[in-house]
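Residue numbers (the numbering used here), protein chains in the order written: chain B, 3 to 253; chain Y, 3 to 253; chain U, 3 to 253; chain X, 3 to 253; chain G, 3 to 253; chain F, 3 to 253.
To be clear, the hints were calculated from the coordinates, so they are not data collected in a lab. Hints should not be assumed to be uniformly reliable.
Since copy identity is lost for identical chains, a pair holds within one copy or between any two.
Pairs of lysine to aspartate or glutamate, EDC-like flavour, derived with a Cα cap of 16 Å [stated by the list, open to error]:
(1) Lys245 x Asp38
(2) Lys214 x Glu14
(3) Lys214 x Glu242
Quick caveat, the model's predicted, so the values are computed rather than measured.
There are 6 protein chains.
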Amino acid sequence: MTSLRERWRAGESTVGAWCTIPSTWTAELAARSGHDWVVVDTQHGLIGYDVMLTMLQAITTTGVPSLVRVPWNEPGTIMKALDAGAGGVIVPMINSVAEAEAVVGACRYPPVGFRSMGPTRARVVDSDWRQPLCIVMVETVQAVEIVDDILSVAGIDAVFVGPNDLAVSAGLESSYEGRDPGHRRMIERIAESAREHHVTAGIMCGTPEVAKQWHDVGYQMLALDADTRLLMTATEQIAERAKKLLSPGAT
Amino acid sequence: MTSLRERWRAGESTVGAWCTIPSTWTAELAARSGHDWVVVDTQHGLIGYDVMLTMLQAITTTGVPSLVRVPWNEPGTIMKALDAGAGGVIVPMINSVAEAEAVVGACRYPPVGFRSMGPTRARVVDSDWRQPLCIVMVETVQAVEIVDDILSVAGIDAVFVGPNDLAVSAGLESSYEGRDPGHRRMIERIAESAREHHVTAGIMCGTPEVAKQWHDVGYQMLALDADTRLLMTATEQIAERAKKLLSPGAT
Amino acid sequence: MTSLRERWRAGESTVGAWCTIPSTWTAELAARSGHDWVVVDTQHGLIGYDVMLTMLQAITTTGVPSLVRVPWNEPGTIMKALDAGAGGVIVPMINSVAEAEAVVGACRYPPVGFRSMGPTRARVVDSDWRQPLCIVMVETVQAVEIVDDILSVAGIDAVFVGPNDLAVSAGLESSYEGRDPGHRRMIERIAESAREHHVTAGIMCGTPEVAKQWHDVGYQMLALDADTRLLMTATEQIAERAKKLLSPGAT
Amino acid sequence: MTSLRERWRAGESTVGAWCTIPSTWTAELAARSGHDWVVVDTQHGLIGYDVMLTMLQAITTTGVPSLVRVPWNEPGTIMKALDAGAGGVIVPMINSVAEAEAVVGACRYPPVGFRSMGPTRARVVDSDWRQPLCIVMVETVQAVEIVDDILSVAGIDAVFVGPNDLAVSAGLESSYEGRDPGHRRMIERIAESAREHHVTAGIMCGTPEVAKQWHDVGYQMLALDADTRLLMTATEQIAERAKKLLSPGAT
Amino acid sequence: MTSLRERWRAGESTVGAWCTIPSTWTAELAARSGHDWVVVDTQHGLIGYDVMLTMLQAITTTGVPSLVRVPWNEPGTIMKALDAGAGGVIVPMINSVAEAEAVVGACRYPPVGFRSMGPTRARVVDSDWRQPLCIVMVETVQAVEIVDDILSVAGIDAVFVGPNDLAVSAGLESSYEGRDPGHRRMIERIAESAREHHVTAGIMCGTPEVAKQWHDVGYQMLALDADTRLLMTATEQIAERAKKLLSPGAT
Amino acid sequence: MTSLRERWRAGESTVGAWCTIPSTWTAELAARSGHDWVVVDTQHGLIGYDVMLTMLQAITTTGVPSLVRVPWNEPGTIMKALDAGAGGVIVPMINSVAEAEAVVGACRYPPVGFRSMGPTRARVVDSDWRQPLCIVMVETVQAVEIVDDILSVAGIDAVFVGPNDLAVSAGLESSYEGRDPGHRRMIERIAESAREHHVTAGIMCGTPEVAKQWHDVGYQMLALDADTRLLMTATEQIAERAKKLLSPGAT
């Protein structure tokens, strides 16, 4: 099986499912939905460690790679996600070279980093357990300004953009598609830097249409809407439509 | 607040959300989605008692009534669901008067039934805890043949149709809308019997359009698609659309 | 350590804690509270199997014996509680000799009963695992009428009275202390039958004062208030007292 | 992939892992250990529904088939295990033709049985979800006497022997290898009946050596030691050996 | 509904329940007990993230505001509690202006702070999700000395005193009511500073009487005894009283 | 009962069980296996807080002391483990005096340290709750070079060696027994420093034979193989042996 890293290196664009519901069943559904990778979001998702572990197992029911977004740049948290068998981590709010180096340090064994040895589940389920994907989030103005420095840190596999946080940090209107020109320019700037540093560019897109848009400027790691929003929308729509059909005046 | 029983008695049609995902969060979303009631399905849903309890609590975050579909007609299971605060139970595969009487017996305190006293959570959260909704499923040919006898059993609030099981039991092609005339006739027959016996008629509909159809023949308790299917469909569609947009040939 | 069975045989009166909160921590507190035994109530308590198991472990942190009240007289449920290490079971709503025999059958290995062999945890934690306490509940008029027959069934260790269900089944006013003379007479009748058949008599008492009262007519297994009620009362009282003290008019 | 049913039909002998520890991780280890199938034992194992579900998911991380031993012959319990994606069920203590027919009825959709339609997880993970393995346990003298009748019930895939219960029911000394000749004769008798009725014969063996022995008289479904015992033994042995080596007198 | 912030601004005194038992049921009881707010204590309470989430849902079954005490001043932990729908956080051991600023930073979106955008549950259940209560604990001598500086940090809603830690840090005898004059003076000093800086003053009180005492010197956020202690005391007392009544010598 | 600290001071060597499986049942088995102490490993074990708590309770079913290895040197995490009743903590990757001081600070109440007061479970189950064992890991070249300084920090009870991380950090071949002379010298160096500073020396050994070897150079805290590995090995071996016996060519 071709690894996600290899597919990205070969220039392939990939789409990802985003799990925020704390459930092994919804994680398994995500892994069987046709996406190329699945994120267990333990930052904004409603998921702690004990549930995350079982969700990673549920994703392993298919061959689809799993990634964990950790809540914050903490070595213990990153290492626990990797030992549990995540194929990689996404670390939010990286705003300096030192922070990026800390991420790589937590993901890699010596001499490259300082990850502690004990890949309890990872070694059993993933032949590539020594080289998980190390993905940093660039999502503030401050980080965009030094994005070249950040992406120069050796060992980073991908940079992932949080468009909402990026817009908020700049005082701009947020939208997945970057309706605000300043917002859009920053997102394009990150992709350029990624290309230059041979790092994969990723971004939260929401819809397929936005994914296509960012793909066209070089993003290969395209996250679609989170499960909470997909389910909430579908459930609300079905109720609303039914209510309308059942209302006295309806034909 | 007008109770569900009163709304049905007043002739109102209602739509219900159907929870099969074992998660408090998806249950809370269902309760906030605009449906009139929420079912925690512990028969075909992936939900056991310990998770069901917390899902009932999640539904109580709104004023929307909760119902539990139990796995089978067992007094201990029915009483546990009611003690946990369910607003009522839906009991599958009722095929005889004796079975229907057993359902009522498990739902009602003496002298009507034989429910044991100990409404630990129910008493705290539901002022109407002595009179939960008692709903029997009619979903076999055998049951349809004696539906008048079944619905004559005192204490039944509603009859709920499982169209798939009904079709399968008759060797007919299954469809929510009853494309097969024999299937459809049985479903209409149940509504007629319900009307005669002053019992609310309910049915699993899937789509709003089917809900409208069954509403028009007298069904007032209209269940829409289960959360598993809503989420699976939404997730698969978004991945498929994205893949199509990203494929080399796409414009 | 003297077993509970031996203490009862020696004429000792014992008091029990009653767990209805689904939590290992409250179970451990109950086991450390000075009661002689602890019940994990999976009938009216908000507790399913997966939580019950860990509560039994929490009770084993002390030497206090654990009992499980099962939801209903089902062999699979009784055996699972015993395999999980419960020191005995309390089985509700026993209304016939056949039902009592079924309870004993599920609690005892052949040739006495039909319990299946596989005491996974019981064998590890309880040297007396082959002889768990087998306790039937007599809590209907119908059962009181044949209480001598029920308690003649070989293998029953104790009979336990649910005063609420008993009163309700007789159409009498319920009270733990049996304010209604008819209620009281039935409770005394059960104790007499228990004495005659060398079976321990037990009852849900609520308060220590009521425990003393029933002790005086021969009850040795005296259950005090459930944890839900103790905590609810304590929490409500403290809030109410504080509100009163803080109200503008208070001194 | 060749299904387990096909391998048995082709005369192949298979060995199974037996999960009694309530944990997704030990279930995943079992699925990766080289056994041909994995049982989640919800009878004597310390496993309720909510944990069983996640253990079935953990087993699906490999292609190894999963089986659930249910606590008792109850239709609701059997159907829930199958809807959760178990590849089959093992139902204990089948002592009559009627009981065997009830097992088949719960495992098969009409017109063969009365299984209710709603294979929530099964349909998603198992293309063969309409035909799960239906396995009855013969483990009493009474059942052995009518084993030909039991195995004549259409729809049974395998008969599984519980040697301990069988010995106990006959008042004989128990041993996996059937040291008692009467015990052994009953086990051989079951295999003969299975062969005649084209039903696979299975048995709990404990050790590989006993598996080999029963294989030689026709058993193809050979269960090895449960995880609880394997872990307990390994942990105790390592402590004991260390204590010996560290004791003052040791060289 | 008037928010807690508004009630405090209007000068109202409020009492709070304190949850340390890891259980959705005890959390729901706390929310229904008549207290004005409920704390889920994930510092000294036996509660991790996955349980905290469901407890927050249980509290939402009423309109009573929830607060989470986090284990330590960590941005990821604070943000996870807020995204899960807590109405605010209480952050322990704030000993410097920089630490206080870090708390505010984690609670507020840019440009005020650096909270990351993704209020998965908060947005669904709380219309005021952008402005959760930000509460710092002053509980060391060192912090009291610079309490004016700490409470000058913009964005702090309340200061909460841990009287035990405060006494211990000063080498003084601890008591909720401040029997030691030095202890008491520090507690009064904090209230004065709070008043000056228009920050609400809060404190752990234990009993209603102590709450009244601190209310009288300006405290408006008055926490009463934790559930563990309330339940432990009630359970021990009932057992002790029963034992006394049942002892041979008792009348 | 003699405490672990006292046994170490008396020169006794002890062996420990190592829990990485997230399960109360395997924790209870470890506590009953004959080891002198049990570690709940929340660093490389698959265990988060909510499961850790119940595992600590399961260990308390015996008198065997429990230790928690925390994921990283974080005060909140250390204090939560201690409040939950752990008899001590093992803190990984201590590479400086400041880090060692932070560990002691988190483990001790003022004036020695800065642990916050609130030993919710610890106080109930452990009379020695004010003095938990404080154990630092020395497992890098950098730490070995300053091991004398690290172990001079007052309040450290033991130093624990992670031989794998130590070897990896030095670019040496790893083995529990220190086949590489450089690896072995570092391990011996740590024991010498421990002896000098009156600190107990501990090490992960895997097998009893390696435990004996390190015992002979002064190690008293000897951890044997983790449960995951013990179970995995036992399960794989039994399957492999059975397959060999059952293969056509086998006698």
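How the hints compare with the structure:
1. Lys245 x Asp38: Answer is between: at 10 Å across copies they meet the 16 Å cutoff, but 37 Å inside does not.
2. Lys214 x Glu14: This pair counts as within: shortest intra-copy Cα distance 13 Å, inter-copy 46 Å.
3. Lys214 x Glu242: between (30 Å within a copy, 13 Å between copies)
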